[in-house]
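Chain by chain, the residues:
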Amino acid sequence: MLGLAPSDLSSVTVSEDRRKLVTRLTVLRYLVIVMFVALAMAFWYFQVVQYEKFREVAENNHQRTLGLRAPRGVMFDRHGKILVENRDSFVISVVREHSRDMDRTIRLLAQVVGLDEASVREVVRRHRGQPGYQPIPIVEDATLAQVAAVTAHRLDTELPEVVVERVPTRRYPTDAMAAHLFGYVGEVTEGQLTREGYRSGDVVGQAGFEKVYNKLLMGVDGARRVVVNSLGREIRTIDEVPPSEGRRVQLTIDYDVQRATEEGFKGFGYAGAAVVLDPRTGELLSYVSLPAYDPNTFAAGIDRATWSALNTDALKPLQDRAIQGRYSPGSTFKMAVAAAALEEGIITPDFTVHCTGSADFYGRLFHCWKLGGHGTMDLRHAIEQSCDVYFYTIGKMVGVDKINKWATALGLGVKSGIDLPNEVTGLVPSTEWKRTKLHENWYPGETISVAIGQGQVSVTPVSMAVYMAALANGGRRVTPHLVKAVDEGNGWKSVATPESAGTAPFKPETMAAIHDGLWMVVNAAGTGGRARMVGYDVSGKTGTAQVISLEGAKALKGRTDLDLRDNGWFVFFAPRDNPEIAGVVFTEHGEHGTNAALISRHILETYFAKKEGRPLPTFKPPPPPAPKPAVVVPTTGAGQ
Amino acid sequence: MFERRLFFHIDYLMIIALGALCAVGVMMIYSTTSIGPNSTLYVKQLYAIAIGVVVFVVCLVIDYRTLAENSLMFYLAVVVLLVGVLLFGTTGGGARRWIPLPFFALQPSEFAKLCVALTLAKFFDESRHGSPSMTDLAVGGVITLVPFLLIAKEPDLGTAITVLTILLGISFLAGMRLRLLGILLILAIVAAPVAWRYALKDYQKSRISTFIDPEIDPRGAGYQQIQARISVGSGGPWGKGFTKGTQGQLRFLPVAWNDFVFSVYGEEQGFVGVVVALGLYLFVIVRALETARLAKDRLGAYLVMGILSAFTFQVMYNITMSAGLAPVKGLTLPLMSSGGSSIVATLAGFGLILNVRMRRFTN
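Residue numbers (our numbering), protein chains in the order written: chain A, 1 to 640; chain B, 641 to 1003.
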């Protein structure tokens, strides 16, 4: 054991030294052993006792779950033409969790993609509530240049927390076609999150068809679990649940009819609305509200400037006039009065009234729109000529409550039940309405104005379409609707026609007389001659509705920028016997219904040309009319 | 010079243990670099081990007493090299540690440990018997302080402190009074705040402060420490398997083949592997302590002790750090971490230790 050479050992001190050395070495040995045991215990604690915890942490370290957004269902028109589809767009997002210095990230990113730093900061601030691993979209629908710039920097490991994703994004027709019909999509709002059980970051329908049928169109997002390295770069995919696309939906809309309708409005530069449907089923063929917006700007996240411009625009492009606009129907209301008078047995179609240009009711003089009067008129001619005095007279005989009853039966003053959001109700007054809402009694004189569609009467364009469909089909109130078929993943399945809201038992003679009148409006000496199509027996009615009373207009003259010109209507169906298309064209400040009739004819020509396989017509608006002769139209009487 | 009978006194068990640790090291270097630009690093390590074996044999064959006779020459040579590093050295990771040579870069601080051990062993052997006097300690201190300061200047505080442990180990074995040891400890404690204020660089300070609370800066200086512990902990009892560790493979641990090689080892081989490696290191250390006890003369005992002090300190510190239990410091794990100079110098050191053991019966 003692390895020291004896020659070195010369005294007791040496052996004492040696003992001391051995003791100290022994101490060191035990010290080292104790320390190694302590180390082993530390590793035991981490690797065995706390294994689960660290295993999880390590997994979170290197695994990421990336959402794969499901493409929304594609929308087709009734003949299978694609209306709304999806395209790939790039989203540049930031994952806060991976950022060592968010300030620097924001600064660099803003610089690289050419955005204002403050706005980027604001976007990040808005998302501060969500978990750090969830990407915050900074640039939606990024340009290729932006993507290239970011990718280049990311390769430099300068911005490892910046993620570029390819996501499916809605593609709508480029010219804002049917914008109010389609609506738009947007990121789910706080309120929708809690109410409707969406997940944060979901893109959902926020208006129009997209909103109503969101559940159908949305699809199910997929996910991809990937292994990433410490720079957040993907190494490989562990597993992937592919997204499943939303349901494909076939709409009742006819692309060409829709386009023709919009062409007509644009040819004149009118704002307004049009609803065209199949009066037998309620299937909508065309649905327009103008001015519109471009839903594409919403699809990839709308910027604030565009949004506020849309909101503050005096023409209210975000308002869907077809279901949210209430307008005075003017003369187009006269068929409801005629139907009431006939059905209640108060008159027959041969009942005549002599029009001298004005008549006295309850001590007040009411004028016909035609200064010299129409002479003696029966019902058919009164409709054809839109004789106000005739309808004053029968309106007084029928009374406001009966008018209300039959107008309601034809779909006015009630919701149509269309499958679009936020439809409003028009108003057909009654004595009870006045008593409960205004706490006043009905003055019989008010009935006279109601009889020609003025006064308190207001309608939405969509309810006018239902009204015309009911007149066309003999009294059945169809429910306008947009879905023809849905592909649930195993082929197209037709969707049942929604139940009609009721059928009024109209007598055939009533309908025959009204049809005759409407036919004469277009095909005889009436005001709707511009809608005439030889061989198709177009039946229709024009209407003009004051935006403001003549006295009011005079008072405001030269002192307002508001457009005070009258609104124009044309309602129609065709052919007269067995109608298969009906609709309404409402032109805001169109002054009278004749231009609306022209637009309607373009719609009808397109419809029939397509049906019969002829080339589709192009719309040529007439040259602007010569300056209108200054005709002083007397007080209440309006509507041709 | 080399008698045949010495051959029978070579400590083969020790050689097997050292070989096993080197093998584990090469394996781990292979694993941690299998993805990425350093994938041939393990080959370099094999070359270094080959050179190390040659140097090991040389250090084994030449009588350590002969080497000790020339210790002053070695000492001066290494001081010159350390000065050379400061003047001409190449920089890596913020420190100037290497002298570039045609085929490799020499890290003189690794060899400084050996030279200091040899010089101090010689000095304390020649000094008066019994407890070293204050003068002895002062001279020993100066011998140590010169390389200490040169290395600290690089800066490489970890290696510099390792050099200090050589003085501590040899003087302890030479019989330094425990009271004096206590005084030194108190001095160190007193000096710490002064060093904090004046001597430490910012990155060193942040490493220490984040050690105390890694969450101060989980993405910065505390990052490595947190990741090291995650690596070890997620290895579990049995490990994730060779080259299957996610922490090391995916670069959550920086320089996994070097300072944090043991963390990745713990991750891939689990607690079982850790116990095996700890056992090997403990065996090597205890075996060397025994060699010091068996040494024929005090020179041998001191030499073993000096070399062993540096080795043990580095092993303990690195393994503690690799479990996230010590501040991050650029100290390699001898025998396992990648690094040519380190492996050659370490094998040379063990050559000397085996040299002492082998010659325990000679005159």
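Check each hint, because a few of them may be wrong.
Partial list, derived from the structure: chain A residues whose beta carbon lies under 10 angstroms from chain B [what the hints assert, rightly or not]:
#1 ASP17
#2 ARG24
#3 MET35
#4 PHE36
#5 GLU56
Calculated from the structure, these hints are not laboratory results.
Because the structure is a prediction, the values reported are computed rather than measured.
Positions of the beta carbon are idealized from the N, C-alpha and C atoms, including for glycine.
Now the hints, each set against the structure:
1. Interface hint status for ASP17 of chain A: upheld, as the beta-carbon distance to the closest one in chain B is roughly 6 angstroms, under 10 angstroms.
2. Interface hint status for ARG24 of chain A: upheld, as the beta-carbon distance to the closest one in chain B is roughly 6 angstroms, under 10 angstroms.
3. Given hint, MET35 of chain A at the interface with chain B, holds; its Cβ is 6 angstroms from that chain's nearest Cβ, closer than 10 angstroms.
4. A least Cβ separation of about 5 angstroms between PHE36 of chain A and chain B falls short of the 10 angstroms threshold, and the interface hint therefore holds.
5. Interface hint status for GLU56 of chain A: upheld, as the beta-carbon distance to the closest one in chain B is roughly 8 angstroms, under 10 angstroms.
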